[in-house]
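Undergrad: Chains A and B, in that order, give the protein sequences. The C-terminal residue of the first sequence carries number 570 in our numbering, and the numbering is unbroken. The C-terminal residue of the second sequence carries number 838 in our numbering, and the numbering is unbroken.
Wrong hints could be hidden among the right ones.
[Unchecked claim] Using 25 angstroms as the maximum straight-line C-alpha spacing, the simulated DSS-like pairs for lysine-lysine come out as follows:
(1) Lys518/A / Lys552/A
(2) Lys633/B / Lys149/A
(3) Lys633/B / Lys473/A
(4) Lys259/A / Lys290/A
(5) Lys290/A / Lys265/A
(6) Lys146/A / Lys706/B
(7) Lys675/B / Lys633/B
(8) Lys566/A / Lys265/A
(9) Lys271/A / Lys290/A
(10) Lys633/B / Lys439/A
(11) Lys566/A / Lys552/A
(12) Lys146/A / Lys405/A
Quick caveat, the hints were computed from the structure, so don't treat them as lab data. What you are looking at is a predicted structure, and each value in this text was computed from that prediction instead of being measured.
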Amino acid sequence: MEFPLYDVLIVGGGGAGLRAAIAAAESDPNLRILLISKVYPMRSHTVSAEGGAAAALRPEDSWENHAFDTIKGSDYIADQYVVETFVREAPQEIIQLEHWGCPWSRDPDGKISARPFGGMTTWRTCFAADKTGFHILHTLFQTSLKFEKIDRLDESFVTSLLIEDGRCVGVVALNQRSGRMDAVRAKTVILATGGNGRVYAFSTNGQICTGDGMALAYRAGVPLNDMEMVQFHPTGLPSTGILITEAVRGEGGYLVNNKGERFLKDYVPTKMELGPRDIISRAEITEFEKGNGFEGEYGNYMHLDVRHLGEATIDRKLPFMRELGLDYVGIDIVHQPIPVRPVEHYMMGGVDVDIHGATIIPGLYACGEVANVGLNGANRLGSNSLSECLVFGKAAGRAAARYAKEAKSPSSNPIDALLRDETRRVERTYREATTGTEKLSEIRAEMARSMDANVGVFRTGEGLTEQVNNIAKLRERYVWLRIEDRSRVFNTELTAALELDYMLELAEVMTASALNRKESRGAHARRDFPERDDANYLANTIAHRVEGGPPKLEFRPVNITHWEPKARTY
Amino acid sequence: MEHDHNLTSGTPRPPVTAVQPTEFVPVRVQRFNPETDDRPHYQTYDVPYKEDWVVLDAILYIKDHLDATLSYRWSCRMGICGSCGMNVNGYPKLTCSVHLRDYRKGLTIEPLANFPVIRDLIVDIDDFMDKLRSVKPWIIRELEQPLGAGEYLQSNNQVDQFRQFSQCINCMLCYSACPVYAMNNEFLGPAATALARRYNLDSRDEGSAERLNVLAASEGIWECTFVGECSAACPKGVDPAKAIQQSKFDTVNGFAMGALLRPFGSRG
């Protein structure tokens, strides 16, 4: 299939990618924009976000307060200039979504409502009941349909970036429906593929969250930033990992151990259930170790109790939670406590980008969870990520549009050769390989199991060292992968193999980065180094890819503007 | 060594092979590979029974342990992304939201009806994607208030006017259930009509007259006899049948009142 030369090509159709596409289209109606996604945009994982999007909209709030909460939440390795820009822009984005039709829940005066959230000192989490991500995603997707210059290539899987003379000039993508490989030329590429939670077995993430954009950028030579910083959400359903929103606690729910105690009094006494996620997840595990958890088929759990809120409040503010309880645990949360335990949820780390989403490769940008722009540091506050998708999606869309207007058109010839090489690589590695014996699902399950065990809420040097070896062995086994499905049309075993290749590479970087940070900060808790160490680690981990060897790691000092690091207590 | 009290004390979703299943459920799956098959055929897999599994878990088990060539869509496994709609024993279902225990004696899984099958359980929904765009599912206003002026005020009652229709996850179960769409795919159909209604009923929108043209031109809207198969199939309580009936009424009224002549309708 012949594609035109696009000005802006966006990989990923979730909140960040759609916001970028609309920003690019609005900045210049003549630009040609393509949105490529491996799924239909409305299937993107933004859809699963529940609780809300943070913005200092209310008169009693201020951007300074939102900035400080975010920086403290990050355990002081957020980029303070980035945070400041973010909190100043976020309110306008919430209003923009409102103008586009997002069904925000409202206060009695008709204004957008807000609820309390973990680590936030005031009510600033705007919400659409408990399906905020769903509504933001569908609002953005439906609004994007208005723009005739936004083309879409749904269900195409990007296998590599086209790099010509050090500049990103498009992508190679596997069209899942035809099985054909396409080269799509573009003056700029924005990666908005989301997170990589599926490197873990127990995760809130949908199966599509395989870190594709992180691996694509890394392989093209862009460093990854803070890949050891993984958020574990304290309230996932024990068997499935389905997310029970923090809004349950925001609305007044209690976390209770098997003694009937609100145990957070011993961990975050001033915040209780509204403490930040990293600390509450550690508190739950610590309580489990003391024998204070409930015992179940899937391990220990706590009770999340909303019975005192009453049916009316639950149905108005948490209707989806009631539905999830009935469908997946067989309980009615109006009458029974919800079983919950810590679950992998979000990647603070990601593609190293500046405040415009630009990577070190000209023409290549990233935004949303795939990127680490420096907003979240060592621990993201709940409800900052939806706002991040909006603020930095817009920034990346605009920056790419500006670059595209100046940039020369890439040539065609080397791209044809690059497409041939990439097509041959995929064919030979997967569809034509006949000597392999290893089963995809077994390697993937072993990766996920061992990541849960060794790169979880608490880490040790011993466990991380073992995991470095585990991943190395799995990568050796992967070379001998056998793909049973030889067909072209919707070969989902092939795409799963490509995803696993990405995930194994990312798991290596995550483990190496975690082993290298010999302190405890935010979500990174080392049992062998339990204290925060600002003298050595008030910095971001920058991981560079080295062909045939482990990643090269260095620390980059963090950007501090107004807020000096202090002890992080709540 | 393993670290017991890490993320997981006890493994989530232990592989069933490790727990010695004693009961199996026969899962009969429609297969079709356009590269090798002239027509669809069925293949039956024996899947271990587990009390808390959803039907999607059985399909995942087949893919991971029995037959890696089976193709289907899925992602969130929590009933919100809309990917995993399939016909289960002839009824359209979100397979992540129905339980294996309700099909303990066996089940047949087929692709959603009324759409072309691409492969196995994957159907082509491009027709819906085009129809969705045709109803202009975005806010239409004559004058856009600047962002600096803040939000459009809306009471929770005003949100409630359209809230139900905004819950559509585009899972396509309603099209699979629709007897009118089965006969005539020119019919705009349940989800697209519900989403048109969603914007028409939004106090911020002034585009109902523009959408009325699309709704009025939709073939089949008069054949829809309020059987309500779509609403029965909807996993999110959207009630598209209600949207279709309201649209019929609006279409008649719109023509009668000359609303089509007014560029932005009369709504504020």
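Undergrad: If you test the structure against every hint from before, which numbers come out violated?
TA: 2, 11
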